[in-house]
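Engineer: Quick mapping for you: the protein sequence lines, in order, are chains B and Y.
Letter by letter, the first sequence follows residues 1 to 185 in my numbering.
Letter by letter, the second sequence follows residues 186 to 268 in my numbering.
Treat the hints as calculated values from the structure; they're not laboratory data.
There may be inaccurate statements among the hints.
[Claimed, not checked] To give an idea of the interface, some chain Y residues facing chain B are shown, with a C-beta separation under 10 Å as derived from the structure:
| no. | residue |
| --- | --- |
| 1 | 194 |
| 2 | 201 |
| 3 | 214 |
| 4 | 252 |
[Said to hold, decoys possible] Derived Cβ-Cβ restraints for the label pairs, each shown as a range:
| no. | chain 1 | residue 1 | chain 2 | residue 2 | range |
| --- | --- | --- | --- | --- | --- |
| 5 | B | 142 | Y | 231 | 50 to 58 Å |
| 6 | B | 144 | Y | 222 | 42 to 50 Å |
| 7 | B | 172 | Y | 249 | 51 to 59 Å |
| 8 | B | 79 | Y | 235 | 21 to 29 Å |
| 9 | Y | 222 | B | 147 | 37 to 45 Å |
Computed from a prediction, not measured in an experiment: that's the story for all the values here.
Here a beta-carbon is modelled for each residue, glycine too, at the ideal position from N, C-alpha and C.
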Amino acid sequence: MELASLTDARLVARCRSGDEDAWRELVSRFSRYVYAISTQAFRLRQDDAEEVFQEVFARTYEYLDRLRDDEAIRPWIGQLTRRLCIDRLRAGGREELSGDEPASAGVDETMERLDEAFAVQEALASLSENCRDILDRFFAQDESYGTISAALDIPPGTIASRISRCLGKLREAFEGRKPTVEPSS
Amino acid sequence: MNAYHEERLAELIRSLPPVPEAWVRAAQELPFARQLLDDIVARAEADLEFRRALIADLEQALLAEGYEPDALPLEDLRRRLAD
Numbered sequence: 001m002e003l004a005s006l007t008d009a010r011l012v013a014r015c016r017s018g019d020e021d022a023w024r025e026l027v028s029r030f031s032r033y034v035y036a037i038s039t040q041a042f043r044l045r046q047d048d049a050e051e052v053f054q055e056v057f058a059r060t061y062e063y064l065d066r067l068r069d070d071e072a073i074r075p076w077i078g079q080l081t082r083r084l085c086i087d088r089l090r091a092g093g094r095e096e097l098s099g100d101e102p103a104s105a106g107v108d109e110t111m112e113r114l115d116e117a118f119a120v121q122e123a124l125a126s127l128s129e130n131c132r133d134i135l136d137r138f139f140a141q142d143e144s145y146g147t148i149s150a151a152l153d154i155p156p157g158t159i160a161s162r163i164s165r166c167l168g169k170l171r172e173a174f175e176g177r178k179p180t181v182e183p184s185s
Numbered sequence: 186m187n188a189y190h191e192e193r194l195a196e197l198i199r200s201l202p203p204v205p206e207a208w209v210r211a212a213q214e215l216p217f218a219r220q221l222l223d224d225i226v227a228r229a230e231a232d233l234e235f236r237r238a239l240i241a242d243l244e245q246a247l248l249a250e251g252y253e254p255d256a257l258p259l260e261d262l263r264r265r266l267a268d
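Next up, chain B with everything else stripped away, as it sits in the complex (with noise of 0.2 Å):
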């Protein structure tokens, strides 16, 4: 069985019994909500953000064999992030803190929103290579029809209308597994 395909439960025990590749997979599975959580919700630095990034990832490593639910992994990775958000946050004194969170206003709505995103990049990856790349390329990455129809060796006229088929097919994977998102908030 291919490592993107494996639940998150399943890739946690393949990453505890010291499966490297597993390693690798749960990592890139989680970087773009972990470096989202840290720039949109409490827009650190990038330097900051990396401080952060690295810091989860070696965190949850090391928290591998004391975690409570593996199937929980994403909304543990979230609230971690969010912690040391606010760690960074006040280490630099850039914020007026009072109580537990910093008063940035908008980090909830910002973590349901990126909450949902991660549901819908889920569902992304249970596309084709080929839709799963063409949405990538344009709306995540930004790139131009120029650049999206040179990358994957595909007429410019038709990119369009691929985009409009692979949001449909997304669209329908996605409701299929909306049910299952659960907040980290």
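Dock chain Y against chain B, hints included.
Structural biologist: Frame of chain B; chain Y shown alone:
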């Protein structure tokens, strides 16, 4: 597909842009690099000549012993050798 779904899905895909590749690679290699680091430090504690070589020229000493310095957190290693 109606316009709302299309726009919403597109917005959500945009919410998770790619991470710099070097960050991902470093996180993927970190646990194994730490294990290697532990091995090197243990070896340096047992072999004073190796330890002296590491302190004199870390990268050269690692290369001479077949390690790949680029794959290791060298600052961590320097700090641990200095302890």
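Engineer: Next, verify each hint and record whether it holds.
Structural biologist: Checked hints:
1. Taken as an interface hint, residue 194/Y checks out: its beta carbon lies about 6 Å from the nearest beta carbon of chain B, inside 10 Å.
2. Satisfaction of the interface hint for residue 201/Y is found here, the shortest Cβ-Cβ separation to chain B being roughly 4 Å, below the 10 Å cut-off.
3. The closest approach between the C-beta of residue 214/Y and any C-beta of chain B is roughly 8 Å, which is under the 10 Å cut-off, so the hint is satisfied.
4. Below 10 Å, beta-carbon pairs count as interface contacts, and residue 252/Y has none with chain B, the closest being about 18 Å; its hint is therefore violated.
5. Checked against the hint of 50 to 58 Å, the C-beta distance between residue 142/B and residue 231/Y comes to roughly 53 Å, which is consistent with it.
6. Range check, residue 144/B to residue 222/Y: Cβ separation about 43 Å, and the 42 to 50 Å hint holds.
7. For residue 172/B paired with residue 249/Y, a C-beta distance near 58 Å keeps the hint of 51 to 59 Å intact.
8. The hinted range of 21 to 29 Å is not satisfied by residue 79/B and residue 235/Y, whose Cβ atoms lie roughly 42 Å apart.
9. Distance hint for residue 222/Y and residue 147/B: a CB-CB separation of about 40 Å, consistent with the stated range 37 to 45 Å.
Going down the numbered hints, you'll see the structure goes against 4 and 8, while the others check out.
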